[in-house]
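Enquirer: Letter by letter, the chains look like this.
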Amino acid sequence: MSAEGAGRALCLDVRGLNVAYPGVAGPIEVVRDASFEVVEGQCLGIVGESGSGKSQSCLALMGLLPRQARVGGSIRFRGRELLADGAREARSLRGRELAMVFQDPISALTPHLRIGTQLGEVLRRHLGTNAAEARTRAALMLTHVGIDHPEQRLRQYPHQLSGGMRQRVMIAMACLCGPALLLADEPTTALDAAVQAQVIALLRSMRTELGMAMVLVTHDLALLSGLADRIVVMYAGRVVESASAAELFARPLHPYTAGLLACVPRWTDAPPSRFASIPGVPPGPGAVGGGCAFAPRCTRAAARCLQSRPELAPRADGRCVACHFPHA
Amino acid sequence: MLESDPVLEVRGLCVRHAAREGGRPSRAALADVNLQLGAGEMVGLVGESGSGKSTLVRAVARLLPAEAGEVRVLGLNWLRLHGRALREQRRHLQLVFQDPLASLNPRMSVGEALSEPLRAFHPRMGAPERREAVAVMLERVGLSAADASRYPRLFSGGQCQRIAIARAMIAKPRILICDEPVSSLDVSIRGQILNLLLDLQRDAGTSMLFISHDLAVVRHLCRRTYVLLAGRIVDEGPTAELFARPHHPYTLELLAAAPRLGG
Numbered sequence: 001m002s003a004e005g006a007g008r009a010l011c012l013d014v015r016g017l018n019v020a021y022p023g024v025a026g027p028i029e030v031v032r033d034a035s036f037e038v039v040e041g042q043c044l045g046i047v048g049e050s051g052s053g054k055s056q057s058c059l060a061l062m063g064l065l066p067r068q069a070r071v072g073g074s075i076r077f078r079g080r081e082l083l084a085d086g087a088r089e090a091r092s093l094r095g096r097e098l099a100m101v102f103q104d105p106i107s108a109l110t111p112h113l114r115i116g117t118q119l120g121e122v123l124r125r126h127l128g129t130n131a132a133e134a135r136t137r138a139a140l141m142l143t144h145v146g147i148d149h150p151e152q153r154l155r156q157y158p159h160q161l162s163g164g165m166r167q168r169v170m171i172a173m174a175c176l177c178g179p180a181l182l183l184a185d186e187p188t189t190a191l192d193a194a195v196q197a198q199v200i201a202l203l204r205s206m207r208t209e210l211g212m213a214m215v216l217v218t219h220d221l222a223l224l225s226g227l228a229d230r231i232v233v234m235y236a237g238r239v240v241e242s243a244s245a246a247e248l249f250a251r252p253l254h255p256y257t258a259g260l261l262a263c264v265p266r267w268t269d270a271p272p273s274r275f276a277s278i279p280g281v282p283p284g285p286g287a288v289g290g291g292c293a294f295a296p297r298c299t300r301a302a303a304r305c306l307q308s309r310p311e312l313a314p315r316a317d318g319r320c321v322a323c324h325f326p327h328a
Numbered sequence: 001m002l003e004s005d006p007v008l009e010v011r012g013l014c015v016r017h018a019a020r021e022g023g024r025p026s027r028a029a030l031a032d033v034n035l036q037l038g039a040g041e042m043v044g045l046v047g048e049s050g051s052g053k054s055t056l057v058r059a060v061a062r063l064l065p066a067e068a069g070e071v072r073v074l075g076l077n078w079l080r081l082h083g084r085a086l087r088e089q090r091r092h093l094q095l096v097f098q099d100p101l102a103s104l105n106p107r108m109s110v111g112e113a114l115s116e117p118l119r120a121f122h123p124r125m126g127a128p129e130r131r132e133a134v135a136v137m138l139e140r141v142g143l144s145a146a147d148a149s150r151y152p153r154l155f156s157g158g159q160c161q162r163i164a165i166a167r168a169m170i171a172k173p174r175i176l177i178c179d180e181p182v183s184s185l186d187v188s189i190r191g192q193i194l195n196l197l198l199d200l201q202r203d204a205g206t207s208m209l210f211i212s213h214d215l216a217v218v219r220h221l222c223r224r225t226y227v228l229l230a231g232r233i234v235d236e237g238p239t240a241e242l243f244a245r246p247h248h249p250y251t252l253e254l255l256a257a258a259p260r261l262g263g
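Top to bottom, those sequences are chains U and H.
Heads up: the first sequence begins at 1 in my numbering, then just goes up one per residue.
Heads up: the second sequence begins at 1 in my numbering, then just goes up one per residue.
With the rest of the complex left out, here is chain U (with noise of 0.2 Å):
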């Protein structure tokens, strides 16, 4: 458990999270033993590329995989088991104690409600809550989510609302039974760059105020700078690195890692003749051999990590990095 959250209660803890799928030849493993943990009132942030198991391990949480995906491992939220058998308590606490921000708002609401009525849904199957209430209640969430006019906006359908105010109904609706823990899947890939900043201000303020702890999953790890308080990559299924937001920042002990921050264009450095980029693909599912899955892409690899897959193991400075030859 990371120094900072030490003596604090942990509100999510997933320990050796597997998600498969049938495939021709044999399942098809897209997230393998992935283990993270979220204490009360902070923030983890997954980073990871297309095929890294990011989204799959944030729809396991939500119990959305499709009904073929194999989950096995252990997923314990504020101390009780969300995947054990027939567990109906899970489904009870999802959405009320647990709730998500999918990436693309519009497919998210239903099109053909109105918002009051998507917004007093949620509190009518959670709360139990009259539907007077549930209308007051669901005006105040989109006051407090920034949206003006909140009546008028109840009446209306999710098309005529812009891009950042669905994301805003998104965020009101997810937060309206007052959870223990939000999950964001890339909340703010499908809005442009200025909607973008607000998006992550609002969920950093709703954050603050609801006390809640976040789950923001995403592939852009300058998005994570000021928001998150510890961070995970992940790569081709697998948790290659964890630490704190700042230590990873300032010293990225996996390749991958520092490769993908080298990517980030930087606003500081004088205009480079080539763009930082890390050769070769990532590895599509179930393409991983008995080595390291990075290693045809790193340019620390030796013979080793071709053989030999290194474990995600603490070290002595408390860093956990999943690398033979980790950055120094």
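Hints should not be assumed to be uniformly reliable.
[Said to hold, decoys possible] Calculated Cβ distances over 12 Å to all of chain H for the following chain U residues:
no., residue
1, Ser52
2, Arg78
3, Gly116
4, Glu121
5, Leu127
6, Thr136
7, Cys177
8, Leu191
9, Ala197
10, Asp220
11, Arg297
12, Ala301
13, Leu306
14, Pro314
[Said to hold, decoys possible] Beta-carbon label-pair distances, calculated as ranges:
no., chain 1, residue 1, chain 2, residue 2, range
15, U, His149, H, Leu154, 42 to 52 Å
16, U, Ala303, H, Pro249, 53 to 63 Å
17, H, Leu63, U, Pro111, 20 to 30 Å
Hints are computed from structural coordinates only; laboratory data are not their basis.
Built from N, CA and C at the ideal position, the CB exists for glycine as well.
Dock chain H against the given chain U, drawing on the hints supplied.
Expert: Same frame as chain U, but now just chain H:
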């Protein structure tokens, strides 16, 4: 401002989207847009979604009708060209779009996709010559000649964008318009594609109009930049100067919103 005659010159371009019957009257999508692209120049166009960036690309490429104005490509007014004359001129201006998989025909092998522009623009070229040109181009963009017989779905997003770039460049256009060419790609891959565009631009001397919402990329890539807001160019100038001392409050707002490390 330009050393030589521009290869692409847009003057007073207006585009109006057709109004729906019985709906509100149509709003101007582009109003009096002026833009110049010099020979071998890399120019940026930034703005948010809805600002008219993609409408501008489509109107310039004659994929959308323009209401008024001029689009001069190598001195010829494209808006006056029709039919065969326009088709022949298209070899000078090619496009690369944001979503590479959507811009490739899934039922066409990579070799067929790359042969199409050659067939259209160099009808006298023989099949062996075409195959050779396709092989050279594939290797030029970092793929292998053997990839010609494979289909787009077998490639990753970054590789598909290489194929789309190869298809756009194979007939040696003078102008390449890239509409958000790396936005849908993984962060670790973006640099590869941007470097490829830089190399192609340097080697072939192609002029590029680079459309992006990522100001950091535009800052590194483009010498001059235009800022589009609600269908109008509101700011323009040498990129370094523009970003250091923006004239328009909107440019300032865009700069303030750009995500950056340590911010």
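Enquirer: Asp220 (chain U): least C-beta distance to chain H exceeds 12 Å?
Expert: violated, 7 Å
Enquirer: Using the Cβ atoms, figure out if His149 (chain U) sits within 42 to 52 Å of Leu154 (chain H).
Expert: holds, 51 Å
Enquirer: Please confirm whether Cys177 (chain U) is truly not at the interface, meaning its C-beta sits more than 12 Å away from all C-beta atoms of chain H.
Expert: The assertion about Cys177 (chain U) holds, with a minimum of 30 Å to chain H.
Enquirer: Hint says 20 to 30 Å; check whether the CB-CB distance for Leu63 (chain H) and Pro111 (chain U) agrees.
Expert: Hint holds: Cβ distance 29 Å, inside 20 to 30 Å.
Enquirer: Would the non-interface assignment of Ala197 (chain U) survive a Cβ cutoff of 12 Å against chain H?
Expert: violated, 4 Å
Enquirer: Grab the minimum beta-carbon distance between Glu121 (chain U) and chain H and tell me whether it stays above 12 Å.
Expert: holds, 30 Å
Enquirer: Range hint 53 to 63 Å: satisfied by the CB atoms of Ala303 (chain U) and Pro249 (chain H)?
Expert: holds, 58 Å
Enquirer: Is it the case that Pro314 (chain U) keeps its Cβ farther than 12 Å from each residue Cβ in chain H?
Expert: holds, 26 Å
Enquirer: Is it correct that the beta-carbon of Ser52 (chain U) has no partner in chain H closer than or equal to 12 Å?
Expert: violated, 9 Å
Enquirer: Closest CB-CB distance from Arg297 (chain U) to chain H, is it above 12 Å?
Expert: Nearest chain H Cβ is 8 Å from Arg297 (chain U), so the label is violated.
Enquirer: Once the closest CB in chain H is found, is it more than 12 Å from Arg78 (chain U)?
Expert: It holds; Arg78 (chain U) is separated from chain H by about 32 Å at its closest Cβ, greater than 12 Å.
Enquirer: Is it correct that the beta-carbon of Gly116 (chain U) has no partner in chain H closer than or equal to 12 Å?
Expert: At about 25 Å from chain H, Gly116 (chain U) clears the 12 Å cut-off, so the statement holds.
Violated hints, listed in ascending order, are 1, 8, 9, 10, 11; each of the other numbered hints is respected by the structure.
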